[in-house]
Amino acid sequence: MRSSGLSPLRSLRRIFAIFSKELAQLRRDRMTFGMVIMIPLIQLVLFGYAINTNVRDIPVAVVDQSQTGISRTLVQIVQATQVVTVTENLPTPEAAEEAIKAARVRAALIIPADVAGRLARSPSIGLGTPPSTSEETSRPVAQWIVDGSDTMIASAIKSLRAMPLTEILRKAPNRSTPTFEVSLFYNPEQRTAVNIVPGLVGMILTMTMIMFTSAAIVRERERGNMEMLINTPVKPMELMIGKIIPYIFIGLIQMMIILGLGNLLFNVPVGGRMLDLFTGTLLFIGASLSLGLVLSTMAQSQLQATQMTIFVLLPSILLSGFAFPYEGMPVIAQYIAEVLPATHFMRMIRGFVLRDAGLAELHRDVLWLAGFVVIGLTVAALRFKKRLD
Amino acid sequence: MGETVITARGLTKSFKGFKAVDGLDLTIERGMIYGFLGPNGSGKTTAMRMLTGLLTPSAGTAEVLGMSVPKDAEALKYHIGYMTQTFSLYGDLTVMENLKFMAEIYGLPRASQKGRISELLERYELTELAERFAGRMSGGQRQRLALAAAVLHEPKLLFLDEPTSAVDPESRRHFWEQLFDLCDAGTSIVVSTHFMDEAERCHRIAIMEAGQKRADGSPQQLMDAMGASVVELEGPTLREIRRRLPHVEGIVTAAQLGARLRVLVNKSIADPVAFLTSRSETEGATLIEQVRPNLEDVFVTSTGEGRQ
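Listed in order, the protein sequences are those of chains Y and G.
So that you can map any letter, position 122 of the first sequence is 156 in the numbering used here, and since no number is skipped, the others follow by simple counting.
So that you can map any letter, position 121 of the second sequence is 719 in the numbering used here, and since no number is skipped, the others follow by simple counting.
Please keep in mind that the hints were generated in silico from the structure rather than gathered at the bench.
None of the values given here were measured: they were computed from a predicted structure.
Quick reminder that beta carbons are idealized off the backbone N, C-alpha and C, glycines included.
Be aware that a few hints might be false.
From chain Y, some residues computed to sit far from chain G (all C-beta separations above 12 angstroms) [claimed, not checked]:
| id | residue |
| --- | --- |
| 1 | Val70 |
| 2 | Glu122 |
| 3 | Asn297 |
Just some of the chain G residues that point at chain Y, by a computed CB distance under 10 angstroms [claimed, not checked]:
| id | residue |
| --- | --- |
| 4 | Thr654 |
| 5 | Ala671 |
| 6 | Lys675 |
| 7 | Glu702 |
| 8 | Ile703 |
| 9 | Ala748 |
| 10 | Asn892 |
Derived pair list, reagent style BS3-like, types lysine-lysine, alpha-carbon separation capped at 30 angstroms [stated by the list, open to error]:
| id | chain 1 | residue 1 | chain 2 | residue 2 |
| --- | --- | --- | --- | --- |
| 11 | Y | Lys269 | Y | Lys135 |
| 12 | Y | Lys269 | G | Lys865 |
| 13 | Y | Lys420 | G | Lys617 |
| 14 | G | Lys617 | Y | Lys419 |
| 15 | Y | Lys269 | G | Lys698 |
| 16 | G | Lys754 | G | Lys698 |
| 17 | Y | Lys419 | G | Lys754 |
If we strip away everything but chain Y, and leave its shape as in the complex, we get (with noise of 0.2 angstroms):
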């Protein structure tokens, strides 16, 4: 009697062939294919340019009711911040709110038609500090009104809040001293990209590594090879290895894509820990697959696991830190995140590309997504029964 299979080179030559099978399979389906370099390509250069957390140009209103050099002043004082852009000009605070809500700007600026009396007595123009319970010196120059609705939209305006007016009297801004000192380090411009360019890495990663998965063992049963494929002596663990080798390469493609891309288009850099990288990328990649994985041995048509794919992919995106700082949610959905592998791999890539970190000081993240791997190809290689009851 032949041996029954124990044999590690049994084993691993049934993996190669699984993996073999896959490559052929996966280059013979052109679209998939194709998706596989286009997806981060494409949304690298369209996030890349268009996510933008620095607000510019925000469309507002100037209802001057003073019609004076002052006003005018005061207008292109504001205008010159870039923050905003005055697209309309307004009789009444009535009309502003009426342009507000029609969506037609999001805010405006209401100069009263004393606006020269009020900044004579404003403190902001640096005659002295008078004591704030007086009511004739404590009036600010103008008002905003602001479609608050947009807290980022709020906050670039609220920014505005306490500009210097000194220009107005040809006199030099008030140097006084800030009350902290901050020095920006990693991003110094504080550009968006180079903390969106690293993220995408993660949310590109999730997007295909699961959906590929997903679909792979429930494919083998939509179209009919698991019946043959349970009469052989295959082991899961043999199969879900190696299906997962090939999507192993494509996600390492698709991250030296969107890095390098990144870095050529909108200078993000890609730091001097490349071990460390790719290392940290093939653990997240890891988990992602043996997570579609799983997804996969639960969902009984392509639909299903692309569903599921759906599900795991929103959290991953609102909560890993990619759209919002994770610090900002409660602790509630602080946990959730912990949980997602992305948010442990946005730190780690954040933190080798930008902060110059390495794996040590990442361990925490490194051992999660570790553990995750294993556990993962676990659970999914025993949830895969070679039985069909």
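Position chain G relative to chain Y; hints supplied.
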């Protein structure tokens, strides 16, 4: 009698209270083609899946090639081949790629692999099709590929689940010739079918109905042991006779075959021709004669309404 390759005792499989296979006893000897004959839903596929270890029996035991299933199913898989009802190789791989994949999965020694594959390509007339995608082949070609893949690792026992339901009669004849070649070379074969002509080719068959084995034996034995005589009638009023006959005591069934009415008469009636001639229900028949029973008669008498 040779050694047995399959022994099953009281094999039962229930799905949520429904008994797909109910108390199946089997003894299948080495070197024969054993057929499961039965309509769809009679438990043929379920029985095969239990014997190959894909399904866990709800009750009963089965031993295949000396190994108990489903316990030793994984070890057994190296020694059995299974051809599924629907084509289950990869349509987007070529004939050659499919066979190489299977060879690697079964761990065929690299040295002999190439020779074995080209031998099978030759035997099953696939050499010219080696680079063709399996999904772009005809039913008959696909079936030959499936058979080649199933016997690649030289299994001692081959399971074929309705192997010829998707092929034309010519391919079917050819396929059976190949099965006899395999059988001659020492492979035992278990095949399920709902075609009478196919069942008739088996060395031994089990007639299945509602999960139970109704009869078991060689087609000839079953025909000889049938509990009914077969009489054929001719005449201008066959449809009327057909309507009247089933109400007559001793008549099992009556079915029209072209210009003849085939009547199964219970064995308890010693002279069925005289019996039928004497009955008023057969009035108008111009010819009444006893004929040889065929497997369909056996099937009809041992299943459904005809069962005694």
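Status of each hint after checking the structure:
Its beta-carbon lying about 17 angstroms from the closest one in chain G, Val70(Y) satisfies the requirement of being farther than 12 angstroms from that chain. Chain G leaves Glu122(Y) outside its interface by the beta-carbon criterion, the shortest separation being 60 angstroms against a cut-off of 12 angstroms. With a least beta-carbon separation of about 37 angstroms from chain G, Asn297(Y) lies farther than 12 angstroms from that chain, consistent with its non-interface assignment. A cut of 10 angstroms between beta carbons decides the hint on Thr654(G): the least distance to chain Y is about 5 angstroms, and the hint holds.
Annotation: Ala671(G) was flagged as interfacial toward chain Y, and the flag holds, the nearest CB pair being 8 angstroms apart, inside 10 angstroms. Interface hint status for Lys675(G): upheld, as the beta-carbon distance to the closest one in chain Y is roughly 4 angstroms, under 10 angstroms. Look at Glu702(G): its Cβ gets to within about 3 angstroms of chain Y, closer than 10 angstroms, so that hint holds up. Because the closest C-beta pair between Ile703(G) and chain Y is about 5 angstroms apart, less than 10 angstroms, the hint holds.
Interface hint status for Ala748(G): upheld, as the beta-carbon distance to the closest one in chain Y is roughly 9 angstroms, under 10 angstroms. For Asn892(G), the shortest C-beta to C-beta distance to chain Y is roughly 33 angstroms, which exceeds 10 angstroms, and the interface hint is violated. At roughly 64 angstroms between alpha-carbon atoms, Lys269(Y) and Lys135(Y) are farther apart than 30 angstroms, so this suggested pair is violated. Between Lys269(Y) and Lys865(G) the CA atoms are separated by roughly 55 angstroms; this puts the pair beyond 30 angstroms, and the hint is violated.
Between the alpha carbons of Lys420(Y) and Lys617(G) the distance comes to roughly 22 angstroms, so the proposed pair stays at or under 30 angstroms and holds. Among the hinted pairs, Lys617(G) with Lys419(Y) is consistent with the structure: their alpha-carbon atoms are about 22 angstroms apart, no more than 30 angstroms. With a C-alpha separation of about 18 angstroms, the suggested pair Lys269(Y) and Lys698(G) falls inside the 30 angstroms cut-off, and the hint holds. Between Lys754(G) and Lys698(G) the CA atoms are separated by roughly 20 angstroms; this keeps the pair inside 30 angstroms, and the hint holds.
Our distance criterion of 30 angstroms between C-alpha atoms is met by Lys419(Y) and Lys754(G), whose separation comes to about 25 angstroms.
Hints 10, 11, 12 from the earlier list are contradicted by this structure; the remaining hints agree with it.
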